[in-house]
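Peer 1: Residue numbers (this note's numbering), protein chains in the order written: chain A, 1 to 283; chain B, 284 to 515; chain C, 516 to 625.
FYI, nobody ran anything at the bench for these hints, they're computed from the structure.
Built from N, CA and C at the ideal position, the CB exists for glycine as well.
Certain hints may be false.
Here are some chain A residues pointing at chain B (derived, C-beta under 7 Å) [as the list claims (entries may be wrong)]: (1) V65; (2) Q84; (3) T98; (4) V109; (5) R122; (6) L124; (7) S186; (8) I235; (9) V243; (10) A244.
Quick partial rundown of chain A residues pointing at chain C, CB under 8 Å, derived from the structure [stated by the list, open to error]: (11) E29; (12) Q46; (13) V55.
Computed far set for chain C versus chain A, every beta-carbon distance over 12 Å [said to hold, decoys possible]: (14) K592; (15) L593; (16) L599; (17) V622.
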Amino acid sequence: MSSAGQGPRHVTTQQLVDLVLDPRDPGYEAAAARHAGTVRRRWYDQPLVAAGAVVVGFVLAVSWVHTHRSAPQAAKVHDQLVSQVRTAESTVTDLTRTAAGLSAELERVRSRALAGSGRLVRTLDREQLLAGLTAVHGPGLEVTLAEPKTSSTPTDAAGRATRGPTTTPHILIDRDVRSVVNQLWSDGAEAIAVNGIRLTTTSAIRFAGDAVLVDLLPISSPYRIDAIGNPDTLITGFAASDVASRYQTMASARGIGFSFTQQSALDLPGSANTPLRYARVAK
Amino acid sequence: MPERAGRRRQAFTAIIAVLTALLGFAIVLQVRQNSGSDNLANLREDDLVGILDDQNARADRLRQQIAELEDSLRQLQNSGDRSAAARQQAIQDERALSILLGTVPAAGPGVQVTVADPAGKLGPEDVLDVVEELRGAGAEAIQFGNVRVSTDTAFTGNPGQVSVDGTAVTAPYVVLAIGDPKTLDTALNIPGGVADAVRNAGGQLRVDERASLTIEATRTLPTPHYASPTGH
Amino acid sequence: MIGALALVVGIVVGLILRPTVPTWLEPYLPIAVVAALDAVFGGVRAQLDDVFDAKVFVVSFVSNVLVAALIVYLGDKLGVGSQLSTAVVVVLGIRIFGNAAAIRRRVFRA
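My request is simple: use the sequences and hints to build the entire structure.
Peer 2: Now the structure itself:
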């Protein structure tokens, strides 16, 4: 802060407080005091003010231009992506609701129409449940596998995470999820869903490009495998399995997330029916 | 004069009330934005693209499902004898499901896969790979050795001593799958895929396409004790 | 009012020319902006208080920028560049608010 012309000053607390609370530039005060109230017009007054103001305006404009130039396409693309994702998510929610509503209505119409075919209906219901077509709930086990947390994500000037020099390598692949699922079936699971995708007679857990696909739908870490069944049998069986010890070791050696907990109430969604195209009943 | 002052005071109070209300509103909005914010803005581009693909895939799936449901509903509603139509649909569904679940023998085009394991190095998970690949390629019915494969089929054991659903099987493993022969064959033989993995473990994998094969093995339908339909 | 006019002229020139800021100058841009705003608000307030002085206006602006730049430059060399930059911006920002408040008091209560 310029203190025009005055000698060394002791900066007292009061002055500091004044500085922050009521910062009248002491420069102006001092200059005014010096001129003792008379307004003196010097030859260089106007041009100086003009020059100073031009520079100030210029600096402000340059800064504006610079900021808006260097918030480049990346930011715009990013925002576009975010809004696209939000739209897609809400579309999925709407569609899910529609599908559920239609499914319920079909069920209603059917059961009214099939009032006299009790056995057929009961068999069909059981088959649909086992095949993964109907939403189910029940107690069971939840197993979670997660990629190890990366230490830091690179950020750009705005503090948003940007594309790093390399994408995080995957330690967990489809095989790992599959192993857990296989073990759970072996331990007596009656219905299993991975990241909310119900496993059916035709769903496969595979790896494509950068993502694990369950039933052709991509999912990402953390992988949550929910199994409905006898919670005690499931946990005892799973805890004692080779699969569990393998991932325990991985957790301590490579930092993956691995946990399994009993659940008293799991809700698994149903999946869509796939029509048969090649197989028929053999006589 | 005093009235003027009084009215001015009223005006000020009104303005203050409005401003405070706005402030409260803004606070709530901001809090809601920050807590309910789904963190999307902080994700990297790659992740966002991934999520977008994911959501689009699900949306397509759902649209297909909705079309099928509407179809079934229409069939029922348009039929003269709703009972008969419903029964027809139900029987068809039941037949399809029993094939998928493995309670009845099935026939159709497909492949016969023979997996030899002379070194005894193939374990349950390697074998599961083969089955999973077939599933992913659209196999509608699979038989592994003498055991019918279904949703809850589990492969256990150790390298060289594999069991399917508790039944021990011995190499060479013969797997029958009904589906599109070409697709199934290609899926198994993708470079770097299951066939290569088997070979790397010292085994061999051979795929024979068949215009028609029969899967005889069946299984009994288990009764779920813990899973119950939601909403019933 | 020549000040206001000149300010507008400067802004227009800057928007028209659209100069690219060299990378080494980038970290000092925020400080320059805040110092510029501080000079503007300080000048307007001084004008309203009838103590405006052209020389003080220019010198304070220039010296603020230079001193702040020096602090940030040293800070960069010592590894606390961004923090010091923040500090400079905060302090100048407070001054701006104070001047703005004073202006407001002047204008709305005559």
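Peer 1: All hints are to be evaluated individually against the structure, with a verdict given for each.
Peer 2: Results of checking the hints against the structure:
no.: 1; hint: V65; in the structure: violated (25 Å)
no.: 2; hint: Q84; in the structure: holds (6 Å)
no.: 3; hint: T98; in the structure: holds (6 Å)
no.: 4; hint: V109; in the structure: holds (5 Å)
no.: 5; hint: R122; in the structure: violated (11 Å)
no.: 6; hint: L124; in the structure: holds (5 Å)
no.: 7; hint: S186; in the structure: holds (4 Å)
no.: 8; hint: I235; in the structure: violated (13 Å)
no.: 9; hint: V243; in the structure: violated (9 Å)
no.: 10; hint: A244; in the structure: violated (14 Å)
no.: 11; hint: E29; in the structure: holds (7 Å)
no.: 12; hint: Q46; in the structure: holds (6 Å)
no.: 13; hint: V55; in the structure: holds (6 Å)
no.: 14; hint: K592; in the structure: holds (21 Å)
no.: 15; hint: L593; in the structure: holds (21 Å)
no.: 16; hint: L599; in the structure: holds (16 Å)
no.: 17; hint: V622; in the structure: holds (16 Å)
Consistency with the previously given hints fails for numbers 1, 5, 8, 9, 10, ordered from lowest to highest.
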